[in-house]
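Read top to bottom, the protein sequences are chains A and B. Residue numbering for the first sequence is 0 to 246, as defined by numbering that gives the first Met the number 0. Residue numbering for the second sequence is 0 to 246, as defined by numbering that gives the first Met the number 0.
These are calculated hints, taken from the structure and not from any lab test. Just so we're clear, the structure is a prediction, and the values are computed from it rather than from any experiment. Just to be clear, a hint being listed does not mean it is correct.
Put simply, identical chains are the same to the list, so a pair is met inside one copy or across any two.
[Said to hold, decoys possible] Lysine to any residue pairs mimicking SDA-like chemistry, simulated, CA-CA at most 25 Å apart:
| hint | residue 1 | residue 2 |
| --- | --- | --- |
| 1 | 141 | 169 |
| 2 | 30 | 222 |
| 3 | 141 | 201 |
| 4 | 74 | 199 |
| 5 | 141 | 158 |
| 6 | 74 | 202 |
| 7 | 16 | 213 |
| 8 | 74 | 11 |
| 9 | 30 | 221 |
| 10 | 40 | 19 |
| 11 | 30 | 205 |
| 12 | 30 | 229 |
| 13 | 246 | 190 |
| 14 | 246 | 12 |
| 15 | 16 | 5 |
| 16 | 16 | 42 |
| 17 | 74 | 201 |
| 18 | 74 | 161 |
| 19 | 246 | 65 |
| 20 | 3 | 162 |
| 21 | 246 | 207 |
| 22 | 16 | 64 |
| 23 | 3 | 13 |
| 24 | 246 | 178 |
| 25 | 30 | 203 |
| 26 | 16 | 246 |
| 27 | 74 | 213 |
Letter by letter, the chains look like this.
2 protein chains.
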Amino acid sequence: MISKSTIRLIASLAHKKYRDERGLFVAEGVKLVSDLRARLKPYAIFAIAGGGGGGGGGEVVSLSEAEMKKISFLKTPSPMLGVFYLPRSGSPPLLAQANRPTLALDGVQDPGNLGAIIRLCGWFGIDTLVCSPSTADCYNPKVVQASMGAIARVAVCYTGLPGFLQAATARGIPVYGTFLEGQSIYRQPLSSPCIVVMGSEGRGISPEAARHIPQKRCIPSFSARCGVESLNVAMAAAIVCSELCRK
Amino acid sequence: MISKSTIRLIASLAHKKYRDERGLFVAEGVKLVSDLRARLKPYAIFAIAGGGGGGGGGEVVSLSEAEMKKISFLKTPSPMLGVFYLPRSGSPPLLAQANRPTLALDGVQDPGNLGAIIRLCGWFGIDTLVCSPSTADCYNPKVVQASMGAIARVAVCYTGLPGFLQAATARGIPVYGTFLEGQSIYRQPLSSPCIVVMGSEGRGISPEAARHIPQKRCIPSFSARCGVESLNVAMAAAIVCSELCRK
């Protein structure tokens, strides 16, 4: 059984304003919820009775399929939905910790792309993802789903990029950014630890951040018909992470 | 003005059966439709009057916004929708033409992933994408949208992979595949021209195709918590293409 106020609470968590006010976010799917439970404090877990949510602790609320449909954000609801407390994000972003590169995003607004990039960071062992305040919120339900559980392991920090990049440069950490007019990452390799800034697909890196990026790089196109094709920011991030970690 | 039969025709093109029967497919967006018009024969182009569809030839049909909503597959319809004739796909896939690698997909069913991979091939100048019959149809409206126009430049060929791979091996073309248990692509580089097979996220490469793949490779995870993270097939394809073309 689920009360009307709980249904309203969960629905409200689609919006950043209410996520912040209540300190909660939503994740769906048996595997994703289990992954998150290993690391984050659950507020409540809902599971369809007999829906494969076995092994749940005392706080699992059993639901009918019809009730799950009422609270799910997915077209095809999964048997399990978890509401978790937002992890504290107070700590300032660490600069290039322990030989690991840091990725920084400037205004990436598509939730699917942000989630895919968080997942990518998980794969490549990149612990910190720095985001400009203009980047999508990482606790948006679509981002959480696309991250495939990596949201619990990658620290996503929101901060103004100009100040962050300035501080990094002052500490001698190389700062790179991807620009259409940059030098090829294959010819001028990235030296790690470092910070690599990537912009939104539509507008690229903002002029305010670009001012603090001394080293401009690009992923060259190998097409003879240059200028027509473009690369999705998540795909570009995959290539950058691969180049950073391949050595 | 748009007739009811045209609305029905366009709606039917969501399904492969009707696309094949009618030899038509749909693309939306001013840039995408313009890109496709440069290469493919349009059956009809529809544009919202004054909606930025300037430069259209005689076959552009003016519509109201309400009419566009009726025919669009998008949540937020764009000012232009084109119906194009399917290009002939009769020619058998070329094996590793002119020093270019060939990508082959085995059962990749997510339309967004397939579209992203076609777009990626466009960026990296890979002219041919070979797909198993179990892979999503490349003229599915979602694939066309995600390909960002690259669908007009990349030849997507559907064929049984076992026979295709056998023929390639017989001609001395290296055949690789990505497997969780393969050797690192960073340590055992891919020699190009070659064919690289990638499987679906859920099930990987089918045993039938795997039998004809002599060289198994993987993209290693750099996370200390191996086994939990996974990589999306489109991201994996981006990394493979980058490795193939970076030299």
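So, going through the hints one by one against the coordinates:
1. 141 / 169: neither (36 Å within a copy, 46 Å between copies)
2. 30 / 222: between (40 Å within a copy, 19 Å between copies)
3. 141 / 201: both (20 Å within a copy, 20 Å between copies)
4. 74 / 199: Between copies only: 22 Å across chains, 27 Å inside a chain, cut-off 25 Å.
5. 141 / 158: Answer is within: at 21 Å inside a copy they meet the 25 Å cutoff, but 35 Å across does not.
6. 74 / 202: between (31 Å within a copy, 23 Å between copies)
7. 16 / 213: Close neither inside one copy (36 Å) nor across copies (54 Å); limit 25 Å.
8. 74 / 11: both (17 Å within a copy, 22 Å between copies)
9. 30 / 221: Result: close only across copies, 21 Å inter versus 39 Å intra.
10. 40 / 19: within (16 Å within a copy, 51 Å between copies)
11. 30 / 205: Between copies only: 24 Å across chains, 37 Å inside a chain, cut-off 25 Å.
12. 30 / 229: between (34 Å within a copy, 12 Å between copies)
13. 246 / 190: both (10 Å within a copy, 18 Å between copies)
14. 246 / 12: neither (42 Å within a copy, 47 Å between copies)
15. 16 / 5: within (17 Å within a copy, 44 Å between copies)
16. 16 / 42: Close inside one copy (18 Å), not across copies (47 Å); limit 25 Å.
17. 74 / 201: For residue 74 and residue 201, the Cα distance is within 25 Å only across copies (19 Å; inside one copy 28 Å).
18. 74 / 161: So residue 74 and residue 161 fail the 25 Å test inside a copy (39 Å) and across (36 Å) alike.
19. 246 / 65: Intra 51 Å, inter 55 Å, cutoff 25 Å: neither.
20. 3 / 162: neither (45 Å within a copy, 58 Å between copies)
21. 246 / 207: neither (32 Å within a copy, 34 Å between copies)
22. 16 / 64: Neither: 29 Å inside a copy, 33 Å across copies.
23. 3 / 13: within (16 Å within a copy, 38 Å between copies)
24. 246 / 178: both (23 Å within a copy, 21 Å between copies)
25. 30 / 203: between (34 Å within a copy, 19 Å between copies)
26. 16 / 246: neither (42 Å within a copy, 48 Å between copies)
27. 74 / 213: Classified as neither: same-chain Cα gap 45 Å, cross-chain 40 Å, threshold 25 Å.
Violated hints for the displayed structure, listed by number in ascending order: 1, 7, 14, 18, 19, 20, 21, 22, 26, 27.
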